[in-house]
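J.: Residue-level listing of the chains:
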Amino acid sequence: MAAILLVQSFLASIGRTVLGVCRGAGSIAIFGADGVSHIFRPPYYPAEFGRQLLRIGWFSLPVVGLTALFTGAALALQIYAGGARFNAESVVPSIVAIGMTRELGPVLGGLMVAGRVSASVAAELGTMRVTEQIDALTTLSTNPMKYLVAPRLLAATLALPALVAVGDAIGIMGGMLVGVARLGFNPAVYIQNTVDFLEVMDVVSGLVKAAVFGFIIALMGCYMGYHSDRGAQGVGRATTNAVVSASILILAANYFLTEFFFAGA
Amino acid sequence: MNEAPKIALTDVAKAFGSKRVLRGVTLAAAKGESLVIIGGSGTGKSVTLKCVLGLIAPDSGVIRVDGEDVARLRGAARERYLDKFGMLFQGAALFDSLPVWRNVAFRMLSGRKRRPVREAREIAVEKLRRVGLGPETADLFPAELSGGMQKRVGLARAIAGDPEIIFFDEPTTGLDPIMADVINDLIREIVTEMGATALTITHDMSSVRKIADRVAMLHDGVVQWEGPIAALDDSGNPYVDQFIHGRAHGPIEALR
Ligand SMILES: Nc1ncnc2c1ncn2[C@@H]1O[C@H](COP(=O)(O)OP(=O)(O)OP(=O)(O)O)[C@@H](O)[C@H]1O
Ligand SMILES: [Mg+2]
Numbered sequence: 001m002a003a004i005l006l007v008q009s010f011l012a013s014i015g016r017t018v019l020g021v022c023r024g025a026g027s028i029a030i031f032g033a034d035g036v037s038h039i040f041r042p043p044y045y046p047a048e049f050g051r052q053l054l055r056i057g058w059f060s061l062p063v064v065g066l067t068a069l070f071t072g073a074a075l076a077l078q079i080y081a082g083g084a085r086f087n088a089e090s091v092v093p094s095i096v097a098i099g100m101t102r103e104l105g106p107v108l109g110g111l112m113v114a115g116r117v118s119a120s121v122a123a124e125l126g127t128m129r130v131t132e133q134i135d136a137l138t139t140l141s142t143n144p145m146k147y148l149v150a151p152r153l154l155a156a157t158l159a160l161p162a163l164v165a166v167g168d169a170i171g172i173m174g175g176m177l178v179g180v181a182r183l184g185f186n187p188a189v190y191i192q193n194t195v196d197f198l199e200v201m202d203v204v205s206g207l208v209k210a211a212v213f214g215f216i217i218a219l220m221g222c223y224m225g226y227h228s229d230r231g232a233q234g235v236g237r238a239t240t241n242a243v244v245s246a247s248i249l250i251l252a253a254n255y256f257l258t259e260f261f262f263a264g265a
Numbered sequence: 266m267n268e269a270p271k272i273a274l275t276d277v278a279k280a281f282g283s284k285r286v287l288r289g290v291t292l293a294a295a296k297g298e299s300l301v302i303i304g305g306s307g308t309g310k311s312v313t314l315k316c317v318l319g320l321i322a323p324d325s326g327v328i329r330v331d332g333e334d335v336a337r338l339r340g341a342a343r344e345r346y347l348d349k350f351g352m353l354f355q356g357a358a359l360f361d362s363l364p365v366w367r368n369v370a371f372r373m374l375s376g377r378k379r380r381p382v383r384e385a386r387e388i389a390v391e392k393l394r395r396v397g398l399g400p401e402t403a404d405l406f407p408a409e410l411s412g413g414m415q416k417r418v419g420l421a422r423a424i425a426g427d428p429e430i431i432f433f434d435e436p437t438t439g440l441d442p443i444m445a446d447v448i449n450d451l452i453r454e455i456v457t458e459m460g461a462t463a464l465t466i467t468h469d470m471s472s473v474r475k476i477a478d479r480v481a482m483l484h485d486g487v488v489q490w491e492g493p494i495a496a497l498d499d500s501g502n503p504y505v506d507q508f509i510h511g512r513a514h515g516p517i518e519a520l521r
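As given, the protein sequences belong to chains U and L, one line each in that order. Sequential numbering of the first sequence, starting at 1, is according to my numbering. Sequential numbering of the second sequence, starting at 266, is according to my numbering.
Calculated directly from the structure, the hints in this document are not laboratory data. Just to be clear, a hint being listed does not mean it is correct.
Said to hold, decoys possible - Facing chain U, a subset of chain L residues (Cβ under 10 Å, in silico): (1) TYR346; (2) LEU359; (3) ARG372.
Claimed, not checked - Anything over 12 Å on all C-beta distances counts as not near chain U; from chain L, calculated: (4) ARG288; (5) GLU384; (6) HIS510.
Quick caveat, the model's predicted, so the values are computed rather than measured. Every residue, glycine too, gets a C-beta built ideally from N, C-alpha and C.
Kindly produce the complete structure, drawing on both the sequences and the hints.
T.: Here it is, written out as C-alpha cells:
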C-alpha cells in the first residue's frame, strides 16, 4: 500500500514537472512571438535599438575576440597532435578554419555572450519590473514589449553574426599564430591552405547559427527579467535562470541547426 | 452629482494567492473631484489604483472610467485609455537609464503626443519648477537624486501630459513639511485650475485636509467609510476616528 502511494507520488511529480516545462515553453514562445511582432509595427524606438546594439554588439567584442583567439590556438595544437598520428599534420589550417566557422565560433561566442548579455538584460528588466518601471511605462501609454523587448531581440539577432564573423577571423588567426610560431608552418602556406579548403557554406551556416543564438540570448534575458519575482532575490533568480536556459537552448539549437545544415552533406 | 461618475469601481475583489486584499471595493469619483483614499499599511490602496489602470486584473467586479469597462480594453484602445491618466507611483518608478528631463517629458518624446525635443525639454523644465526643482536637476540621472527629489520628479512626470485623471500614491511621504505643503498646494491647483480628477493615497492627515473634496477609508478589503472632507471629524465611524487620531487601540488591530 505504502509502495503504491510512493510510486503514485513519484509519477505525479514527474507529471507536474513535464506540465511545468510545457507551460513554460508555451509562454516563452508566446512572449517571443509577441516581441517579434512588435519589431515590425510602429511606433519604433531607434534610439533604444541603437543603445542595445552598442551594448550587446560592441561591448561584447573583447569577450568574443579573446574566446576565439585562445580557442583557435588550442585547436591548432590539438589537431596537430591528432594529425601526427596519421602523418596528416598538414590538415591543421583547414580543420582549424572549418572548426571555428562551423562550430566553435558561434557556439563558444554564443555561450560567452549568453553569460554577459542574458544576465545583464534579465537583471535590468527584472529591476525595472520590481521597481515598477515597467508598470510606469505602461501608464505612459508605452508598450513595454515594444519599447524594451523588441529592440533587444532585434539588436541581439543582428549583433551576434557580426560578432561571430569577427571571432571567426580572430580564431583562425590564433590558429595561424600557433601554427607558425610553434608548429613550424610557413605563414603563406598556412593562409593558402585555409582559403583553399574553406567553403562559403561553412561560414554562412555559422553566421545563421549566431543569429539564432542571438535571438535566444535576448529572448531568455527579456523573458526571465520581465517575469521576475518581487525583491532582490527574484531578480537574482531571474538572472541565473536566464543564463542557464539561454546556454542550454543554444547547445540544443546548435545540434538541430547542424543536423539541418550538414546531415545530408 | 447627477452626472455619471468619472471613475466608478463596483464590488472589485482581488486576492494574491490565499491573501484576499480587496473584498468588494465600491467607490466613485466625479469629474473634477479630489478623492483621497486613507487606510492602514497593506490594506490594498496601491492595488486599487493599479486595478483602475489595468496593471492588475481584478478577480471580480467592474471598473468603469467615462463609462468604459477597463477589463475589455486591448491594444490601441488601452493606450488611448491610458493617455487620460497620470500616475505617481509610491516608489517614484523613474526610468534610471534616462536623465530626469527625459523622464518627465517621456510621453512627448515618442508616440501620439510627440513634440519637438526642444519643446519637450522646455515643458519638462517648467513642470520640474512646479514641483520645486531647478533647471540644474534636468540633466541629472534619477540615481543622483535624493528620495524626496525622485518623488517630485515622479510627480512632474505624472502631470506633464496634462492628464484628465491623476493618481498620486503617497505624494508627500519622504518630503519635508514645507515641501509637502508646496506639493499639497500643487495638487489642489491641478484639480481646481485644470479640472482634473484626482485620486490620492496618503497617510498624512494635514495633506488629507488640504487636498480632499471627499475621503474614503479602506480597511479589511472594503470601503469602511466615505464622505465629504467636512464630515471627516464627526463621521461617527470608529475606524475613521481611530485612524485620524492615530490611536493604537480601536477596531483596527495593531499587531505588536
Ligand atoms: N504583485 C503582488 N503580488 C503579491 N502580493 C501583492 C502584490 N501587490 C500587492 N500585494 C499585496 O497586497 C497587499 C496590499 O498591497 P498595497 O501595496 O496595495 O498596500 P497599500 O495599502 O498601498 O499599503 P502602503 O500604505 O504600505 O503602501 C499587501 O499585503 C501586498 O503584499
Ligand atoms: Mg501603497
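J.: Regarding the assertion that GLU384/L does not contact chain U, is the least Cβ-Cβ distance greater than 12 Å?
T.: holds (18 Å)
J.: Please verify that hint: LEU359/L, Cβ, nearest Cβ of chain U, below 10 Å or not.
T.: Interface hint status for LEU359/L: holds (7 Å vs cutoff 10 Å).
J.: With a cut-off of 10 Å on the beta carbons, see whether ARG372/L makes it to chain U.
T.: holds (5 Å)
J.: Is the nearest CB of chain U more than 12 Å from the CB of ARG288/L?
T.: At roughly 22 Å from the nearest Cβ of chain U, ARG288/L sits farther out than 12 Å, so the non-interface label holds.
J.: Given TYR346/L as an interface hint, is the shortest Cβ-Cβ distance to chain U below 10 Å?
T.: holds (9 Å)
J.: Would the least Cβ to Cβ distance between HIS510/L and chain U come out above 12 Å?
T.: Non-interface label stands for HIS510/L: nearest chain U Cβ at 32 Å, farther than 12 Å.
When the structure is compared with the earlier hints, no violation turns up for any of them.
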